[in-house]
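Once you've looked at the hints, go ahead and assemble the two chains, each given alone in its own frame, into the complex.
Going down the list, the protein sequences come from chains A and B.
Take 1 as the starting number for the first sequence in the working numbering and just add one per residue.
Take 1 as the starting number for the second sequence in the working numbering and just add one per residue.
Please note that the accuracy of each hint is not assured.
Claimed, not checked - Okay, the calculated bits of chain A under chain B, using three or more residues with CB under 8 Å as the criterion:
| no. | segment |
| --- | --- |
| 1 | 3 to 9 |
| 2 | 31 to 38 |
| 3 | 45 to 51 |
| 4 | 96 to 109 |
Said to hold, decoys possible - Not the full set, but computed from the structure, chain B residues with beta-carbon under 7 Å of chain A:
| no. | residue |
| --- | --- |
| 5 | LYS58 |
| 6 | THR61 |
| 7 | PHE63 |
| 8 | GLU66 |
| 9 | TYR129 |
The hints are simulated quantities; they were obtained by calculation from the structure and are not laboratory data.
Where a beta carbon is used, it is the ideal one built from N, C-alpha and C, also for glycine.
This is what each chain is made of:
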Amino acid sequence: MYEFDLTRPTTIADAVAALNEEDAQALGGGQTLIPTMKQRLAMPSKLVSLGAIPEMKGVCMSDAGEVCIGGATPHAVVSAEATAFPGLADLAGQIGDPAVRNRGTIGGSLANNDPSACYPAAALAAGATIVTNSREIAADDFFEGMFETSLEEGEIITEVRFPVPEVSHYEKFLQPASRFALVGVMVAKFADGVRVAVTGASENGVFRWKEAEQALSANFSADAVSDLALSGDEMISDLHGSGEYRAHLVNVMTGRAVKAAS
Amino acid sequence: MAQVSMTVNGKTVSADVEGRTLLSEFLRSDLHLTGTHVGCDTSQCGACVVHVNGDAVKACTMFAAEADGADVGTIEGQANEDGTLNNIQQAFQDHHGLQCGFCTPGMVMSAAALLKDNPKPSEHDVRAYLEGNICRCTGYHNIVKAIMAASGQDVSSIAAE
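Chain B on its own, in the form it takes in the complex (with noise of 0.2 Å):
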């Protein structure tokens, strides 16, 4: 066991793990953020998408101890400070970007990281960006149409509804 902190969604926690045991693992089970899905837990999916120092990351294929010192950003920590939906949280509800809902804190997760770098990006950016997100409802259109409105750019020659 080994002692390792760090600032997640701003605030900062310290926990004994073990080496063996995964960021996703960590935020699920130590800190009870269950917003952090694991679908595949073989870094295929991207349900676990963390911010790890501003980076998108995949929580189920890296270890706690590797955060110790980082800040590191989760789907619980996306909503306004008044608790309501950032803008592209609130996009896919505006824009039906889910349908069962389990890829859909990746999904956000790795929006948030593609248009911090990428603010307006076109759809080929956002296709490209969502390879390592997988939608298993196959809602695909819809959800980069949202990240696209979430970028404030027009959506209405995009894709089908």
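So that you can see chain A by itself, here it is in the shape it has in the complex (with noise of 0.2 Å):
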């Protein structure tokens, strides 16, 4: 790794104000950030920990009666805490293995966007709204592709808020080398209608799929997707598996976690 200084900020001001700094990059978990440094694909000059500030972490619910999560909180505290959302919860406890989940944060993973990340597709399902230092993001304004997000420079994630829906159930297709999902699907159906997330398939990140949101808004079962079809462009084709099979995958898991749900 490169050299780089390391500070560790108790409070968000003080974080926001070391991130001002020209090369600074904020550090969650460090689950992806550090292994990527020790590939020399980041160098920055100064990393700033957002592992001791306490305003960041912590499962709550608001007056609202939403699930807010602190973004520095790690997966395994959502997995245990979050039990008034279980999809977000059985979600968060299949994020990686249980050492990687006692480290990685909710805020890290939503910022780095990782386009076969667990996280991205609860945010997206489930309508979440994205606190930063200075402004909350709408979860579909927030995503804009692969490993790109809305966040300004120096902005952090401070607390991630969930609306709870009626039912919800994330469905992940693992792909066991890396513990992320060659494809995961989150259905969540609110009063209002089902939003349906899709993430690990798309070249340009997670995506919600609208025609399934619509079908299944009218009739919340598997049969309602099972004759809908997306099609493998744009979707990610590697070693894994191709653009065509991971649409299908999207297809079989939403089924799947349809039923999960029901």
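This is the structure:
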């Protein structure tokens, strides 16, 4: 790894100030960033650890009935404590492995927006609000493509607020070597309709499958999506699966998610 | 360089470390606690699992500076006070839960973290918890058996010898 300075601020304000410096980079749990730096694919001059900021940790309920999760909350804590939103707790408990879940954070995962990460599917399917040190961003406006988000330089995800669906389920087709999703589908049924978010499949990162949402909003059953077909164009194609294979998996995972949720 | 202080296996230690010093490097090179193994150095294999404030973490994927003020436990702190093997270590010996032994420190540390939260895990629980611990000798059956035995459960019906 290249040499860098590491600071551990204890307040959001101090972290924002530290990130003002050129080439400074926020460090969440480091489960992606540290391996990336070892490969010398990232070389920040300064890392600002967000791991020592108490106001960014924990799970609670808002007055509006949303599950609110501090941006620096590890996956293991979400898995254990987000019991008001079982689909989300279940998703968090499937990320990586137990030791990774004890370090990796929700804010880090969303900010990185890996096209195969699990959390983006949860945020998009639930219509979550991503809260930063300066504003609130709707999940629909947050994800802008593979590893791209609407976060500005130095902006920190301090909290994520999830509306709680009536029923939901995340169905993950595991890529066992990386433990990321080869394809993952989160289905969330709200009183005013169903949202379906797909990770691992598209070259443009997580996306909502609108056609399935319409079909499931009219008829929340696996049969409603069995005849739908997604195109393999613009799907990720690699040695683990072709674009067509992933497109097919999206359909199968959606059906399984609906069955498990209903 | 920055000074870090932490408790490792019950002893307070302090040292000056670079920002890029990994917890695994700090334990092995600065403290000479070489029981924490570095297998892959890419957070896949789990040979470097240690406890930080009671949670299992991969020491190769955490900076030493982030453990400042933490309570760190390594394989060297697992034996009983009189130096005899603790019940997990003893179960690994009794049930032949190791072959080359390289993954064993991480396996034992993961097992200890599992049994702290889940004192009577099912075979499925154990296998699921060990997802991030790779044994290249593929000795998983006896590792699972050893952990089940360490939890005080009957292991006569589990997997093959």
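Each hint tested on the structure:
no. : hint      : in the structure
1   : 3 to 9    : holds (count 5)
2   : 31 to 38  : holds (count 5)
3   : 45 to 51  : holds (count 3)
4   : 96 to 109 : holds (count 7)
5   : LYS58     : holds, 5 Å
6   : THR61     : holds, 5 Å
7   : PHE63     : holds, 6 Å
8   : GLU66     : holds, 6 Å
9   : TYR129    : holds, 6 Å
This entry satisfies every hint, going by the numbered hints stated previously.
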